[in-house]
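K.L.:
One letter stands for each residue in the lines below.
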Amino acid sequence: MAMTEKEILAGLGEIIDEIAGVPADEVTPSKNFVDDLDIDSLSMVEIAVAAQDKFGVEIPDDELKNLRTVQDVISYVQRSAVSA
Amino acid sequence: MARHQVTVVVTGLGATTPLGGDIASTWSAMLAGRSGVRRLSHDWLADLPVKIAAEAAVDPAAVLGRVAARRMDRCEQFAVVAARQAWRDAGDLHVEPERLGVVFSSGVGGLISTLNTYDTLKEKGWQRVSPFSVPMLMPNGSAGLISLELRARAGAHAPASACSSGAEAIGYGMDMIRSGRADVVVAGGTEAPIHALHVASFAAMRALSIRNDEPQRASRPFDKGRDGFVLGEGAAAVVLESAGHAARRGAHVIATAAGAGYSADAHHIAQPEPDGFGAAMAMRHALADAGVAPEQVVHVNAHATSTPAGDVPEALAIKREIGDAVVSATKSMTGHLIGGAGALESVAAICALRDRVAPPTINVDDLDDEIAAAGVDIATELRPLPHSGPGPAAALNNSFGFGGHNVALVFTVV
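Read top to bottom, the protein sequences are chains Y and X. Take the first sequence: its letters are residues 1430 to 1513, numbered as in the working numbering. Take the second sequence: its letters are residues 281 to 694, numbered as in the working numbering.
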């Protein structure tokens, strides 16, 4: 289940394009979901659910609020995949 | 006019309907007497008695784009499309957010989203339920979305009265301006009722036409052979504005929204009152509110849904209250848009007044005997609407809803 950072980024780009209409190439690690990508909290829930399905990880609600940037999600997915 | 210190005018129109994706295409199709009713081929119709409906001519999701559309129920998509058109039609409109209101209604709201959400819940569990479910299923969703888009902060409302909801929204919008709460209001109605649940439920009431083999002949208000209404989908919207605000910005004024009248039948939850007393009361109140004499009314866009029970009492009430106006039932072409109907038919009445021509009521092959005997002037073809005064020419729209709601709106030429 070891995905590379690049694979997770690509997968996340697809999800965010589908749900929020942000082109995948704008989804780069340093981007903040709210400030840079204009994604609201409801869309974040949808993105988190889609990410759980795509990457096979659990994202509890109290973790979700800590995932502020694209890099936060990549790191979380990598950590969870390792510990799983 | 004297009754109200503030005169309300109509400065923008919008619609997306079974006849066209905008006002121009919808109105020209009405004048041409075209039906938007089709035989449908959806799998879910297989076990239902009704196989026909009037689907929207233009898919609203294609107009709005995928990302916006996936967060809206189909009825909200129609509403936003129609409201944007009306807003653009009103011209270069700058208004303080605190002085801009929205009133947008639906008969049943996002029922299709409700059902889809419940399917997801049962099949996949609560965590797969969309976080946008509530905004998609709430009946005030359209009003909220339009308010958000236009930054309208004077208030966003969604009065619900079944099939008169769209007309009630326009009446409420007029009240907002007259009472000083707003200078400009975007008002209208919407519905997306082409779904197994709606079809089954209305069919269970025996309210729908089952003339499945002649879809374009199925909606036939005032005709002896009428056997029920045909479901239609879409939305219509108007921009209402205080006459002073419109004058200051040099707006093109289409008509005056002169009066609104209301009543309730208190007779039966769904059946129309046989003597049309409630309908007549709404018309009378609307004329009084407008300060318009019955002789000024050159045209009525009737509620007339093509049900055996509803059309005759309304036609006779029109004759009693108004007299010789030319009466059209545009549901013969669009089907019944439920919460969208009152808005669409108000828009049609305004266009008729503007162009001085009444659209035809199609499929009246054999006028109902009672209507013929009473001498109600039903337009079965395009009819000019002359008016020789005194007072400005007026048009009236009737909208009635299950629950016994009656709404009549009066528009006059400027």
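Incorrect hints may appear among the rest.
[To be verified] One-sided and incomplete, this derived list gives chain Y residues near chain X with beta-carbon spacing under 7 Å:
| hint | residue |
| --- | --- |
| 1 | M1432 |
| 2 | G1450 |
| 3 | E1475 |
If you're looking for bench data, these hints aren't it; they were derived computationally from the structure. None of the values given here were measured: they were computed from a predicted structure. Cβ coordinates follow ideal geometry from the N, Cα and C atoms, glycine included.
K.L.:
Let's test the interface hint: is any C-beta of chain X closer than 7 Å to that of G1450 (chain Y)?
P.N.:
3 Å, holds
K.L.:
Hint M1432 (chain Y) vs chain X: min CB-CB distance below 7 Å?
P.N.:
22 Å, violated
K.L.:
Would the stated hint for E1475 (chain Y) survive a check requiring a Cβ distance to chain X of less than 7 Å?
P.N.:
Holds, about 6 Å.
In summary, the one numbered hint that this structure violates is 1.
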